[in-house]
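J.: Assemble the whole structure, with the sequences as input and the hints as a guide.
First residue of the sequence shown? That's 11 in our numbering, and the numbers climb one at a time after it.
Since the hints were made in silico from the structure, they are not lab data.
Treat the hints with caution; some may be incorrect.
To be verified - Computed spacing ranges between beta-carbons, pair by pair: (1) D191 - T167: 47 to 55 Å; (2) M92 - T167: 28 to 36 Å; (3) Q77 - L329: 40 to 48 Å; (4) A40 - D189: 47 to 55 Å.
C-beta: ideal position from N, C-alpha, C; glycine also.
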Amino acid sequence: MPTDIAFLAIAEAHQAYHWLPAALALSRRAGVRVHVLSPSPLILDLVASYDPEGDMNLVRLRRPPSQPDSLFRQPSRFLTLMLNYATIRRFPVLVTTEISSGWLRSVPGFSGRMIQIKHGAGDREGGYKARHSAFDLTLVAGEKDRRRLIDRGLCTTDDCAVGGYAKFELKAAPQRFFDNDRPVLLYNPHFDAALSSWPRHGPQVLGALEALKGWNVIIAPHTKLAGRTAPICTNAPHIRVDMGSRHSIDMSYTMSADVYLGDVSSQIYEYLLRPRPCIFLNLDRRDWRGNDAFSHWRLGQVIEDMAALPQALDRAADLQAGFVDAQEAAMSDSIDRSPTPASERQADLILDFARKSERTAAA
11 MPTDIAFLAI AEAHQAYHWL PAALALSRRA GVRVHVLSPS PLILDLVASY DPEGDMNLVR
71 LRRPPSQPDS LFRQPSRFLT LMLNYATIRR FPVLVTTEIS SGWLRSVPGF SGRMIQIKHG
131 AGDREGGYKA RHSAFDLTLV AGEKDRRRLI DRGLCTTDDC AVGGYAKFEL KAAPQRFFDN
191 DRPVLLYNPH FDAALSSWPR HGPQVLGALE ALKGWNVIIA PHTKLAGRTA PICTNAPHIR
251 VDMGSRHSID MSYTMSADVY LGDVSSQIYE YLLRPRPCIF LNLDRRDWRG NDAFSHWRLG
311 QVIEDMAALP QALDRAADLQ AGFVDAQEAA MSDSIDRSPT PASERQADLI LDFARKSERT
371 AAA
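T.: This is the structure:
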């Protein structure tokens, strides 16, 4: 009998890039059937675009009443789980990147085994929540997350494994988004209202970016922030605003920018796949030094006023040599870049877990 493994795709499209490489790798393994469960035809279409041979079984879940289908706004995860529980519970092994699915563990009679691929490799404390402990196996990008999850009692040394960052295997190539050769600044604010530079300081930030001379600017907020805030509008010809597109989730911008401007987004670690200058906005004047949630702020300049941005950009190239060692060390701790592709490492870990579960069930 084949081993059935289901990937539960009930989150927004940006999370798909974290589980899809492992799903594709498993679908090529002998004796394995991979199923992708989603209430979104658009997400299933996105998945199918990476699976031209149709090796995976795409399962359309019932969709709770919600807004029209969108890659970036999905219906309530809890309602989706409840509405489709009879379908979901049929699969012996479920893989997901979100933690809402941990709710399934509280349903009487639920016997599925659950694996989480932790999406992103960021530092903020919001990435470590009690529901992480609901999973039988957690795969993380690097030793940093493994250490932090274990230290917080959310995992143990036996049920948390380093599998790398498979999204890198689907990354877009660097692209030209402007018709000139000016350097490109990427502004990537996070959705966490308590930590983001946009909700309280948006007009100030936008005004400073509009006034920049000699730079092109891409404003690409986290897709969750883009869905919660009013559209960012500007007539400045040197600014490109993306409130949600494939470019905003496939690393097009992080691969193409010359300088990163942000706050607490885990996309900093995608940008640092190739070390480059970073500038972080501490507009709320936080006492951040020594706080692990802001450890990435040690990887570039930190400014407390948008008036300081032009000067920070002017010296970014000269200062970069002093940050390279710290950037490379942070990347090594956050993302394990073994010569073996992360998708294959994750597939090995998932399949080994699934087959051990089969043997236990049969005993």
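J.: Against this structure, judge whether each hint is valid.
T.: Hint-by-hint comparison with the structure:
In this structure the hint that D191 and T167 lie 47 to 55 Å apart at CB holds, the actual value being about 51 Å. Distance hint for M92 and T167: a CB-CB separation of about 34 Å, consistent with the stated range 28 to 36 Å. Checked against the hint of 40 to 48 Å, the pair Q77 and L329 passes, with Cβ atoms roughly 44 Å apart. As the Cβ distance of A40 to D189 is approximately 49 Å, the hint placing it in 47 to 55 Å holds.
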